[in-house]
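**Student:** If you're matching them up, the sequences are chains A and B in order. Letter by letter, the first sequence follows residues 1 to 314 in the UniProt record's numbering. Letter by letter, the second sequence follows residues 1 to 244 in the UniProt record's numbering.
FYI, nobody ran anything at the bench for these hints, they're computed from the structure. Note that the structure is predicted; figures quoted are calculated from it, not measured. Incorrect hints may have been included.
[To be verified] Part of the chain B face toward chain A, derived, beta carbon under 7 Å:
1) 77
2) 80
3) 83
4) 220
5) 239
6) 242
Where is the CB? At the ideal position from N, CA and C, for every residue including glycine.
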Amino acid sequence: MTSTTSSAPTLELRALTKRYGARPAVDGLSFECRPGTVTGFLGPNGAGKSTTLRILTGLAEADEGAALIGGRRYRELERPARTIGVMLDAGSLHGGRSGLETLRLVARTLGMPAARAEEVLEIVGLAAAARKRVSGYSYGMRQRLGIGVALMGDPCVLVLDEPANGLDPEGIRWMRRLLRSFADAGGTVLLSSHQLREVEATVDHLVVISGGRLVREGPLEELTAVAGTRVAALDETALRRALDAHGIAFEPRADGELAVSLAPEDMGRLALREQLVLTSLGADVGAGLEEVFFSLTGQEEPIADEPAPALRTA
Amino acid sequence: MRPDIDLRAALDTRGAAILLPLSLLAVIGFAALGGLLQPALTPDATSDLESTVFVLTLPLSLIIPVLTVWITAGEWSDRSIQTTLLQRPGRLGVLASKCLAALTVFAVLVAVSIGLAAASTWIGGELIGEGADLSSIDGVMTTQLATLTATFLFSLAMGVALQSTVLGLVAAIGVPFVVGTAGTLAAAFGSETLADVIRAVDLSSAAVALADGSAGAFELLPLLLLVAVPVVLGAQRWRHREIG
């Protein structure tokens, strides 16, 4: 997006449902992506992210509900690529064309000047490989070209599926800056990714889905903010019994303390009432996105010390 | 509809850079073979346009399916249809545009082929042999052109219906071969029932009959079964097929 605008359309999903046979791939999913924000779209494999993005971009049809861009379906948009730039699968770029030919063809399709192709190749850092055929590109270069195709129409909305895949650290930093500046200029960005650290560093709003359903939506800070209280007592058994008695959820932490879903002052009052001697009490530090993701999607976090199955010895 | 985009998309790839010159070489080679060698092979040492075009139909019956299926179904096979439909989400418009692009390529190819055939016939007849007969152009129009048009229409239908380069090519080249062989066998065995069944799917014979004005209602059946029905079903699939 070359010009700052506050009129970028909102992406809106309303009770979107898509079934394959009896199995719902997307189940009543609703959320919004507003202009000026980068929205991270997270979920484990098979959660329905790709299906949702395909419906949003008109490549698949929903059984119920609607996916709207500024109140209109993708297929109803006139020259949609001038409004919404999409990169779902860099593998769909034709391998028999050069990067420059690919972008020139897109420019012609979108009614953009041919010079826009060279301009975008510079933006995505592929100017040196402009005349090389796409089949000779590395995966990261294809990703860059795919992002270039998305940018060709100078859109005010970007929808990207795993854009950081295959990018080197410099490329990831470049993409992060690109998305941030795009949103800061008033654009709307929806970013699906498995790379939680990249998402954490880039997005300001999160949508987490699992099993096709919305699990949590909100600002990144809110979702990763203080989660509760850490507490330890001389008599840990008595502490656990007291928490159980009051129906308060807790989980043991690695350091021997308990993580409790209470504010620290309420935990203090409870300890006083139950005559417990506390050895430590304090607000829990904010959880990382990784922890939030695993807890929200019900997935087990891999254990660091456990070897990968292929590396196990007999 | 943007047939110009689809033409350019089909012609600016490495595949096109290999396929088109090879096709042109084959057409030039067979045109030369037909026109220049005829005087040496015919008793009156003349060269006849219809015979030259007949020789040319051999490579064209392969080139036309390859180009037509490639233009209509190629993007489904190499997955670049995703990029196309993201930019041009009107699916039936894209389909119609690709059909127009394929028709344009077919028309140019046939025009160039007939032009080359006429030139080689004249050179072979007038400069090498005892004379050239270009008056058989009517026969070319009612027989060879009708056959080539049938090949084009069936290839188009297979590309639209199957949306796969490999499957489309197998069907577009294989089915006419099977029908032709079955027709020969039916004639050899003298089975009228089998002959009628084969007539119902023999698009080339129906096209020739339609072109020379001898066709009845029965000749519309191959057109319906091998062109209209696959195109309608393919267009429906094209509208709703999921991508990705």
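**Student:** If you take the shortest Cβ to Cβ gap from residue 242 (chain B) to chain A, is it below 7 Å?
**Tutor:** Holds: closest Cβ of chain A sits about 4 Å from residue 242 (chain B), inside 7 Å.
**Student:** With a cut-off of 7 Å, does the beta carbon of residue 80 (chain B) approach a beta carbon of chain A closely enough for the hint to hold?
**Tutor:** Hint on residue 80 (chain B): holds, closest Cβ of chain A at ~4 Å, below 7 Å.
**Student:** Holds or violated: residue 83 (chain B) as interface residue toward chain A, Cβ cutoff 7 Å?
**Tutor:** Given a least distance of 5 Å, the restraint on residue 83 (chain B) holds.
**Student:** Under the criterion of a CB-CB separation shorter than 7 Å, is residue 77 (chain B) in contact with chain A as hinted?
**Tutor:** violated (11 Å)
**Student:** Given residue 220 (chain B) as an interface hint, is its Cβ closer than 7 Å to any Cβ of chain A?
**Tutor:** violated (35 Å)
**Student:** Can you verify the interface hint for residue 239 (chain B): is its Cβ closer than 7 Å to any Cβ in chain A?
**Tutor:** violated (9 Å)
When each numbered hint is compared with the structure, violations occur for hints 1, 4, 5.
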